[in-house]
Structures are given as structure tokens and as C-alpha cells.
Amino acid sequence: YAGFFADTEAFLMKNAKVKLCLQASPMNGDLLLEDCNPESDFQDWSWQGNSLMNHGTQSCLSAVGDDRVQTSLCGSGGYASWNCSNSLLSPLGSSQGYLVANRKGVALNNVRGVKAQWRDVADRSVCEEKAEQERYFPAALASTRVYDHTAGNATLALGIDQKELEELLWFFRSEDSSTWNYSVLALSFMAMILGLFLLAINVVRNRKRKIHACGEAVESTQQAELEVKQSLMPLQEYSPAELRKQEPVLQDQRSGDVMVQWKDGTVTSLYTE
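Mapping the sequence shown onto this note's numbering, position 227 (from 1) lands on 973, and the numbers just tick up by one.
Bear in mind the hints are in silico, worked out from the structure with no lab data behind them.
Careful, some of the hints might be misleading.
Unchecked claim - Calculated pairs, EDC-like style, for lysine to aspartate or glutamate (alpha carbon to alpha carbon, straight line, at most 20 Å): (1) Lys763 - Asp869; (2) Lys765 - Glu874; (3) Lys861 - Asp812; (4) Lys861 - Glu780; (5) Lys975 - Glu965; (6) Lys876 - Asp781; (7) Lys956 - Glu973; (8) Lys763 - Glu874.
Please work from the sequences and hints to get the whole structure.
Structure (C-alpha cells):
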């Protein structure tokens, strides 16, 4: 497993100022600056996510103090994740500074000059190595099988079984999504048309409901006014005094008589004998 990464992703970390490479000590985890030697596993580094793993010690570059840096077991504590930008390395989630070369080796410092820039032997930024590793990982998932003659079974180059590989290949799959996009677009258009249709129906029904309510209100008002007028008309046309005057006259009326009431209040027969 380690040899696979060593052949595909290993790179040397050379300081742009002192032109020496970062080397891990196999004894105590210290970090040294030595002449670059591509044959030394202790100068081979690779990105494992946001961590830098040394291929000789199988440990990760970690910030363990205010300014001290060493190698320790990956994920064992400290700041083993690094932010890489413009060839500068800084502990992820910390403000301790940048990885800087000095006379004793390396340390953390707020200096952003050439001493804090790290490149490989081809003078490429270590940040470019990280970007290349992120592009390489999905391609490595689709790599061919390597037959293990000692174990007598087929294993994958990444050390995972076939089921896990199929799940990862499905997760990182790339396919033409035009059909799905057109289907979603068509469904969205149909939903919009249905929404506009329902909106038009609701507008028409609300308008009819308002017109009917206004008509009922006008009709009720007119009916009430008519009832009030009808109740006031007998009182306005006849007073009690007039009724008393008419009573004797009505008693004297005979069948066929036509009585006329004048403006001065007198009542006479139209046809006199």
C-alpha cells in the first residue's frame, strides 16, 4: 500500500531559500534539512487529504508546540492537517504561522518570505502536488487489479475489496445527464402551466363570488327601503282627524255613489239627485 503511493505520488519538499530537502528522522520524529536525495524514503512525502505523510517513517508532519514541528502518528493529535497556498504551509485551524526553514531545521514562524516556500525537485509548488493528488484519486479507483500470488486472491491496487471499489466508482461516476435535465425541465414547465390554470380558476370564482355578494347586498337594501316606505305611507296619507271626518260620510254613502274629496277637506257626491 505504501509502495503504491511512493511510486505514484511521492515528492521531495525542498525549501526555496536554503535549497535543502525536508527529511524525517527515523529515531525520534525530528525534522532535518539535508541535501536532496530522491532515493531516500525519509525525504519522500505525499499528501493524504490535508496531511503530509513521510513514506520512510509512515508518520505525518505535525505541529506539536508553539513553533515546534515534527513527525508523529497520523491522527494521533496536534495539528497534522496543513493548509497549502502559494507554496506556503500553515497548520489548518491554527494561527501559529508558516513552516519556515532555519539553522536548526524547521519551525513555525509568521514570516512569509522565501524561507517559507516549499517546492519539489522540479521547482513545482507542493500545493500543485496536492491538486494533482486530488485529481489522481478518482482515476486510481478505476485502476486494474493486481494479483497477489502469496495470498492467492485478487486484490485492488488501493487495498480495498471489489464491493467498496464499486461503491466508490458509483459515487465518482460521470455520465450524460442531458436526459435527466430535460425531464426535470419538462416537469417544471407542466407544473407552471397547472399552477397558472388553477390561479385563473380561483380569480374567476372570486370575481363571481364578489359580484353575487354585491347583488345580494343591493337587493337587501332595496327591500328594506321598500318596507320602510310601505310602513310610513298610511301614516302620511291619513291623520286621525281626517278619519273621524270621513266616518259620517262613509255611513251615508249608498251603493253606486261616487264621492269626491276636495282640497279644503269637504266631501261631496259626484252625482246629485
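Taking the hints in turn, this is what the structure says about them:
1. Lys763 - Asp869: Given that 20 Å is the threshold and the Cα spacing comes to 12 Å, the pair holds.
2. Lys765 - Glu874: The hint holds at about 19 Å.
3. Lys861 - Asp812: holds (18 Å)
4. Lys861 - Glu780: Within the cut-off at roughly 15 Å; holds.
5. Lys975 - Glu965: holds (15 Å)
6. Lys876 - Asp781: violated (23 Å)
7. Lys956 - Glu973: Violated, at roughly 26 Å.
8. Lys763 - Glu874: holds (19 Å)
Consistency with the previously given hints fails for numbers 6 and 7, ordered from lowest to highest.
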